[in-house]
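Assemble the whole structure, with the sequences as input and the hints as a guide.
Our numbering applies: residue 1027 is where the first sequence begins, and numbers increase by one.
Hints may be right or wrong, so weigh each one.
[As the list claims (entries may be wrong)] Lysine-lysine pairs mimicking DSSO-like chemistry, simulated, CA-CA at most 30 Å apart: (1) Lys1333 with Lys1309; (2) Lys1470 with Lys1333; (3) Lys1333 with Lys1254; (4) Lys1295 with Lys1274; (5) Lys1466 with Lys1510; (6) Lys1049 with Lys1436; (7) Lys1039 with Lys1201; (8) Lys1308 with Lys1510; (9) Lys1436 with Lys1502; (10) Lys1241 with Lys1159; (11) Lys1470 with Lys1458; (12) Lys1350 with Lys1466; (13) Lys1114 with Lys1100; (14) Lys1309 with Lys1350; (15) Lys1049 with Lys1100; (16) Lys1308 with Lys1159; (17) Lys1180 with Lys1114; (18) Lys1241 with Lys1274; (19) Lys1183 with Lys1274; (20) Lys1114 with Lys1226; (21) Lys1180 with Lys1333; (22) Lys1049 with Lys1309; (23) Lys1309 with Lys1159; (24) Lys1292 with Lys1350; (25) Lys1049 with Lys1350; (26) Lys1174 with Lys1278; (27) Lys1183 with Lys1114; (28) Lys1174 with Lys1241; (29) Lys1292 with Lys1309; (30) Lys1100 with Lys1254; (31) Lys1254 with Lys1226; (32) Lys1510 with Lys1458; (33) Lys1226 with Lys1241; (34) Lys1114 with Lys1350; (35) Lys1180 with Lys1308; (36) Lys1439 with Lys1502; (37) Lys1159 with Lys1214; (38) Lys1308 with Lys1295.
Just so you know, these hints were derived from the structure itself, not from any lab.
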Amino acid sequence: MPLRVYNTLTGRKEDFEPIQPGKVGMYVCGVTVYDYCHIGHARANIVFDVIYRYLRFAGYDVNYVRNYTDVDDKIIRRAQERGVESRKLAEEFIGAFDEDMAALGLDIPTCQPRATEHIGQIVDIIQNLIDRKMAYEAGGDVYYSVEKFPGYLKLSKRNMEEMRAGTRIAPGEGKINPMDFALWKAAKPGEPFWESPWGKGRPGWHIECSAMSMKYLGESFDIHGGGKDLIFPHHENEIAQSEGATGKPFVKYWLHNGFVNVNQEKMSKSLGNFFTIRDILKKYDPEIVRFFLLTAHYRSPIDFSDKNLEDARTGLTRFYETLKAAGETLSNHVPDDTSCVTLTPEAREIFDRIEVLEDRFSEAMDDDFNTALAIGHLFEAVRGMNRIMGAEEYSECPLLLAALRDARDKLVKLGGVLGLFGADPTLWLERKASRGLQEKGLEKERIEALIEERRTARANRDFARADAIRDELAEKGVILLDSKEGTTWRMK
RNA sequence: GGCCCCGUCGCCAAGUGGUAAGGCAGAGGUCUGCAAAACCUCCAUCACCAGUUCGAAUCUGGUCGGGGCCUCCA
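Next comes the structure, spelled out in structure tokens:
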């Protein structure tokens, strides 16, 4: 089955056919670096990280470009507020962005260009647009003339007349049409600037993405991504600039991810209801955040809440518990040919399910990157593995052990495509436990002492005391697990 | 006001024409001194109404409810 993607431009799912067979050029709008990233940025970047990973998994040679917009009105304003150079400010938040993305386990794109390093390309495109009469200079500013581009608003599917009704030309702007947008802005005193044919100034928002994407991916490329909120005006204007300058189709597939909501409402800076990635990572393991974000389809809105994050933690823990148990089973049990002469129908069924796991996974991902469905299939593998491990009478059976190993390896491999299950299960679970202890203000030694006391009580058949200890710990979120090998504990 | 999206089990969430994946929670069972974990079994007819169709959660129209974009925003 071919990969199908939902294309904002056509409003439909389409078969994915890259311009050059086997190769994919993908550009994703990065961040404007003037503040810390929030969970919405995390979603966008994780979504496209997974798309990047899956395309490679599917055999494509992917050129993934994600930019930093490091010159912009907001950066300048924030820098002035803080009394620092805007370049310094941008540098600081590029560093913060890189840290956040690394913490979230993102693969590094093939190319991470910065707007300020491409002023030459930007000026060239603007000049080209002026030469083609698609843009005009006015008092040191340069504006794009949207009426000159017949395809304007084809991405956002709006109506020029109605759009115009709501806009007006601000004082000091030399726009001919209120819908026109700035390609170049003349520098005001104290602002950073570059020399240009129109005097000292800086690029407007949008043009940097046209310049960088076309420089690294060519005038036409396959995928352009970003959050839904970038459809208008940012991506609409990118199309106008790029196609206006080249006369060629700019992007084949436009992909947009949905928002992160808080209490069913869009999270945004203007509403003030946003959570930074750093704050969230103080409370939750990065992989939990990733897992949570991938349990919804990338185009759907997702509601951010403690309840949902805790559900995600429970779910991800289930994977790691099973992976850990599988690892232990595989190293503790030696295959012995005599231990399984006949295979039950149930075992057969589990084998079959493991057999088709990868196909199921790919089928889900081929349908517009349906990570939620893909994760559902992975949960079934977990159940299969636990069933194998529960079948004690066959614990040395080579067939079952081989199936278990196969399932474990597939789970890790396919999880890797989602950026999941990459940690050592034992370490991951220990980290989770110690984080839980810290939150509850508990100490490992204290718990282990109580477990020892309970062991003695149980040995003396003093079950009242044993149960009292268990209840006491349970109240603090510590769950005891008795087995033949002894008692272990975990955080709820 | 214009354009667009959504409304699936208590909660989260897939499914876009052939009679509802998965997770969490819940019920019963196996295991256990009792539990927990794990496993097994059970648990929805898809906001509402009217159509199209042999057949609709899936298509059309309407109603109600929620949200987004139109200004910086992932």
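Starting from Lys1100, check that the Cα of Lys1254 is at most 30 Å away, please.
holds, 20 Å
Restraint status (C-alpha distance of Lys1308 to Lys1295 at most 30 Å):
holds, 21 Å
Please work out if Lys1049 and Lys1309 have their alpha carbons no farther apart than 30 Å.
The given pair, whose Cα atoms are some 39 Å apart, is violated under the 30 Å limit.
Keeping to a limit of 30 Å between CA atoms, is the pair of Lys1350 and Lys1466 held or broken?
holds, 25 Å
Satisfaction of hint between Lys1241 and Lys1226, Cα-Cα up to 30 Å:
Satisfied, since the Cα-Cα distance of roughly 23 Å is no more than 30 Å.
Just to be careful, I want the Cα atoms of Lys1309 and Lys1159 compared with a cutoff of 30 Å; is the pair within it?
violated, 54 Å
Is the Cα-Cα distance between Lys1159 and Lys1214 30 Å or less?
holds, 26 Å
Compare the distance between the alpha carbons of Lys1114 and Lys1100 with 30 Å, and conclude whether the hinted pair is satisfied.
Holds - the C-alpha atoms of Lys1100 and Lys1114 are around 14 Å apart, at most 30 Å.
Can the restraint linking Lys1180 and Lys1114 be considered satisfied, given a maximum Cα separation of 30 Å?
Given that 30 Å is the threshold and the Cα spacing comes to 38 Å, the pair is violated.
Given the hinted pair Lys1180 and Lys1308, is their Cα-Cα distance within 30 Å?
violated, 42 Å
Would the pair Lys1039 and Lys1201 pass a check requiring their Cα atoms to be no farther apart than 30 Å?
violated, 38 Å
Between Lys1241 and Lys1274, is the straight-line Cα distance small enough, at 30 Å or below?
holds, 15 Å
In this structure, the earlier hints numbered 4, 7, 8, 9, 15, 16, 17, 21, 22, 23, 24, 25, 27, 31, 34, 35, 36 are contradicted, and the remaining ones agree with it.
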